[in-house]
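**Student:** These protein sequence lines map, in sequence, to chains A and B. With our numbering, you'll find the first sequence wraps up at 77, consecutive numbering, no jumps. With our numbering, you'll find the second sequence wraps up at 177, consecutive numbering, no jumps.
It is worth saying that the hints were derived from the structure and are not from the lab. Some hints could be false.
Simulated crosslink set (BS3-like; lysine-lysine; CA at most 25 Å straight-line) [as the list claims (entries may be wrong)]: (1) A/K32 / B/K103; (2) A/K32 / A/K17; (3) B/K117 / B/K132; (4) B/K117 / B/K103; (5) A/K3 / A/K17; (6) B/K103 / A/K3.
Residues from chain A shown here face chain B by an in silico Cβ test under 8 Å; the list is partial [claimed, not checked]: (7) N4; (8) L9; (9) F11; (10) T14; (11) I21; (12) V50; (13) L53; (14) I55; (15) P66.
Every residue gets a Cβ at the ideal spot worked out from N, C-alpha and C, and that includes glycine.
The primary structure of each chain is shown beneath.
Number of protein chains: 2
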Amino acid sequence: MLKNDNILLSFGETIHKYRGIAGLSQESLAEKAGLDRTYISSVERGQRNVSLLNICKLANALQLPPSELLVNVGRSA
Amino acid sequence: MLKNDNILLSFGETIHKYRGIAGLSQESLAEKAGLDRTYISSVERGQRNVSLLNICKLANALQLPPSELLVNVGRSA
DNA sequence: TTGTGACTGTTAGTCCGTC
DNA sequence: TGACGGACTAACAGTCACA
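Build the full structure now, drawing on both the sequences and the hints.
**Tutor:** This is how it looks when you write it as structure tokens:
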């Protein structure tokens with residue numbers, strides 16, 4: 001589905017944006033979040049359907065409330 | 101991890117709350133979201149680590165922005 | 001109307017690399 | 001520093017019968 005891709009892409013862009021603001025590399029974000037370097041890469045490219053727990057891990061690593069990572073995500077699915 | 105359970109539980113409570121406000125049964129919410137009734141049940145009980153796409157499906161069915169479903173979710177993971 | 005355990009196919013997520 | 005691929009294991013999606 002196209003809409004699904006938009007959701008994942010939008011989420012990936014949000015991660016990319018906040019990671020830039022935090023001045024972190026994909027690798028250091030991965031380390032902070034307890035995730036894999038290649039996983040962060042694929043999330044930012046909208047290739048992964050991230051789970052709630054990992055959304056929270058990422059929010060935590062970026063020092064943001066989890067809901068902040070979804071504000072730019074559309075309602076459609 | 102205990103914190104993880106708290107996140108899932110908190111998310112489940114949020115779904116339960118908004119479903120009540122919308123006056124929907126688990127079954128009718130399931131139908132609106134294109135998901136299974138028993139899946140909704142397990143989500144509300146915090147037994148499922150829901151994915152981003154399904155969070156959006158639920159938000160859509162409840163006519164809420166996806167971020168609204170995460171406002172009560174803690175930052176920890 | 002909802003809770004629950006169990007099940008299978010698919011994908012999340014890791015680890016090894018290369019470019 | 002990040003994109004991208006292959007191979008692998010753990011976990012989720014989705015569904016069922018039964019309570």
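**Student:** Next step is simple, just say for each hint if it's right about the structure.
**Tutor:** Here is what the structure says about each hint:
1. A/K32 / B/K103: Holds. A/K32 to B/K103 sits at ~17 Å (cutoff 25 Å).
2. A/K32 / A/K17: holds (17 Å)
3. B/K117 / B/K132: Given pair B/K117, B/K132 holds - Cα atoms ~17 Å apart, limit 25 Å.
4. B/K117 / B/K103: holds (21 Å)
5. A/K3 / A/K17: Within the cut-off at roughly 21 Å; holds.
6. B/K103 / A/K3: violated (32 Å)
7. N4: holds (6 Å)
8. L9: Violated, because the Cβ-Cβ distance from A/L9 to chain B comes to roughly 11 Å (cut-off 8 Å).
9. F11: Cβ of A/F11 sits 6 Å from chain B, so the hint holds.
10. T14: violated (11 Å)
11. I21: A/I21 check fails; min Cβ-Cβ to chain B is 17 Å, beyond 8 Å.
12. V50: holds (5 Å)
13. L53: At about 5 Å, which falls below the 8 Å cut-off, the nearest Cβ of chain B leaves the hint on A/L53 intact, so it holds.
14. I55: OK, holds: A/I55 within 8 Å of chain B, min 7 Å.
15. P66: For A/P66, the interface hint holds, since the closest Cβ of chain B sits about 4 Å away, which is under 8 Å.
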